[in-house]
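Enquirer: Listed in order, the protein sequences are those of chains A and B. Every number in my numbering is 3 more than the matching position in the first sequence, counting from 1. Every number in my numbering is 91 more than the matching position in the second sequence, counting from 1.
Because the hints were derived from the structure by calculation, they are not lab data. Be a bit skeptical, because a hint or two may be false.
What the hints assert, rightly or not - Listed below are the simulated DSSO-like cross-link pairs for lysine-lysine, each with C-alpha atoms no more than 27 Å apart in a straight line:
1) A:K115 - B:K441
2) A:K115 - A:K53
3) A:K117 - B:K441
4) A:K115 - B:K424
5) B:K402 - B:K435
6) A:K10 - A:K23
To be verified - Stretches of chain B that chain A covers, calculated by requiring three or more beta carbons in the stretch to come under 8 Å of a beta carbon on chain A:
7) 303 to 315
8) 327 to 339
Glycine included, every Cβ here is placed at the ideal spot set by N, Cα and C.
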Amino acid sequence: MSANTQKITLAKGLNMGLRKAMEADDKVLLMGEDVGKLGGVFRITDGLQKDFGEDRVIDSPLAESGIVGTAVGMALRGYRPVVEIQFDGFVYPAYDQIVCQVAKYTYRSQGKVKMPIVIRIPFGGGIGAVEHHSESPEAQFAHTPGLKVVACSNPVDGYWMIQQAIAHDDPVIFLEPKRQYHADKAELDESATPEPLFTSRVVRAGTDATVLAYGPTVKTALKCAEAAESEGRSLEVIDLRTLSPLDMGPVYESVRRTGRCVITHEAHVNLGMGAEVAARITEQCFYSLEAPVLRVGAFDMPYPPSRIEEEYLPDLDRVLDAVDRTFAY
Amino acid sequence: MSDPAGFGPDLAEVFGPSQSDGGPDLVQLLTPEGERVHHPEFDHDFSAEELRGLYRDMVLTRRIDVEATALQRHGELGIWAQLLGQEAAQIGAGRAMRPQDYAFPTYREHGVAYCKGVDPLRLLGLFRGVDQGGWDPNENNFGLYTIVIGAQTLHATGYAMGMQRDGVVGTGDPERDSAVLAHFGDGASSQGDVNEAFIFAASYNAPVVFFCQNNQWAISEPIERQTRIPLYQRALGFGFPGIRVDGNDVLATYAVTKAALQRARDGNGPSFVEAYTYRMGAHTTTDDPTRYRLNDELEHWKLKDPIERLKVYLRRNGLVDQQFFDDLDAEAKELGHHLREGCKALPDPKPMDQFGYVFSEMTDEIREQRDGFAAYLASFEESH
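Chain A with its partners taken away, still in its complex shape (with noise of 0.2 Å):
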């Protein structure tokens, strides 16, 4: 390991992220439940109140409307908040102040305000928890026209995205896989030039198959590459990272290349962003397809009690038997 790099984990990336964006700009300022002392239910904003102070950590009432109302209102006086949603499925209160307000302000203003509010959710299943706490909400906001939507998958883009995302003068819905936290560590080098946030990325080269993915399914998608692998098929896996603008241009490369597409994410596939995904493939790779493009996400019902959510969420085995399918055709 060089002196600029450490083993983090994607908790410790955002922490430290958040952490940056803080000291290079001092109109940054951090709103949620929980974020002060506590740190955030999930160590996020951990430490961060103790030095930034309580006027630009702030904890506030339990109230998701009134939290991105005011920061709307921060916004408007030359701040830029980073609020922090507890769990994916308490940002519905809010759902209002963010569709119609924070999404439209730039838009009815012609342009003449900015909203440069992050809108941090954690999102996602596969940590046990009660109802309401493993939701994907991404297709309500990328649906959403006036709002940028990107998801972190790894400790590492968690530590650029966030500040890159605080320095973006729009809104972004800055969605985080809760179950990948505190999971694995990834080595950060600091002196690196991160990517731009709004791009998409190939994570593991292949020529047979190409898979889709973002936040907690692109580790689902290497695991099925390296499967895959061992049976002779040579998978390319993408992770997305923006849903909204969608990056599709290594998208469309790689599948002129392979012919066969599948897209895999947590959240329902009716209407889900694997539907618009597979539509654009579609439209602008029609005579290179071999198969159609194969979504493998939730089915339509709710998230499930959490005893079962393993048999509900995409894995391994779903996303290789649609990687199968696109074969048999």
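Here the structure of chain A is known, so what remains is to put chain B in place on it, guided by the hints.
Expert: For chain B alone, coordinates are given in the frame of chain A:
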């Protein structure tokens, strides 16, 4: 008298009859008959010039409303939200503000916009359908009109929290100390956002004045549908003072709002002002109040007209002459001309420009959509 279940007083006991005078706690400095009365806590020594100024502001504000209503009837506006009867509440509040104070409006604060220096013509854009708010909020410290009921009260509170962080509260410097005026109506008082705004403002002691124009009606729903106690009394439950002021009395509204704003600027936190007034017109030009309220209620409130009572006072005390009224009449006519001609000349929005307003910088996705749409439109040109 209690209700059948034995809970609480009869609503009529709380609110009085529908032609209520606002109750014993109503702060008033000028009676509907134009008689100047004094209040032990909220008073202000108005100069003749100030009084003439407030009268002028109300007359011009009513003119804006009358012209816009007529423009809607002529098909020049799609809709208009009338403020008829609420001139005193809006001018009193608007004139109590300092330039550094910030107002967050609903969609009916035409008088407040006028006080903040927004050209009334720019208010018409939203209603004509040429834009969705044609002014820069930070140019006049006047937020965009907000149609989702009550949402702006949270923006106001957040903005006030920003002022606290900027060190412009409680410094003792009158040029520096600032506050926010959050506008909303009686209907909005039922919204979660408004109640959350109260809680955030109280929790952080934010310099915001919650200014509720209780005009008795939320489209067709009377105030009794929103609350079982007078609205201003709710403030206490949130931990800050509430005051009911005669919203048809520009002097009282000015004095009370000025005190509330000063309290906020001094760092003493939020307060609630309930301006007790009446929506003499319809909710908007598409509404028909004859379906849900009695005409004698309107006739009753006409006797409390905010402009007439100040006119009587000015005349009776010899503070104005005929020249004043003639000059004001000419000024109002000029304003009407400005609005009529200006409205018709407002350029239609350009479809291609809209793509550029979504984000601070156009994304490749949106650029592609814009270019595709432009090419599609151009294909018709070529075929001719």
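Enquirer: The structure should be examined with respect to each hint, and the outcome stated for every one.
Expert: Quick rundown of the hints versus the structure:
1. A:K115 - B:K441: Status holds; Cα separation ~17 Å.
2. A:K115 - A:K53: 36 Å, violated
3. A:K117 - B:K441: Distance ~21 Å between K117 of chain A and K441 of chain B Cα, so the pair holds.
4. A:K115 - B:K424: Roughly 32 Å between the alpha carbons, so the hint for K115 of chain A and K424 of chain B is violated.
5. B:K402 - B:K435: 33 Å, violated
6. A:K10 - A:K23: Within the cut-off at roughly 17 Å; holds.
7. 303 to 315: Violated - the region 303 to 315 of chain B has 0 residues with a Cβ nearer than 8 Å to chain A, which falls short of three.
8. 327 to 339: Three-residue rule not met by the region 327 to 339 of chain B, so violated; n is 0.
Checked against the numbered hints listed earlier, the structure breaks hints 2, 4, 5, 7 and 8; every other hint is satisfied.
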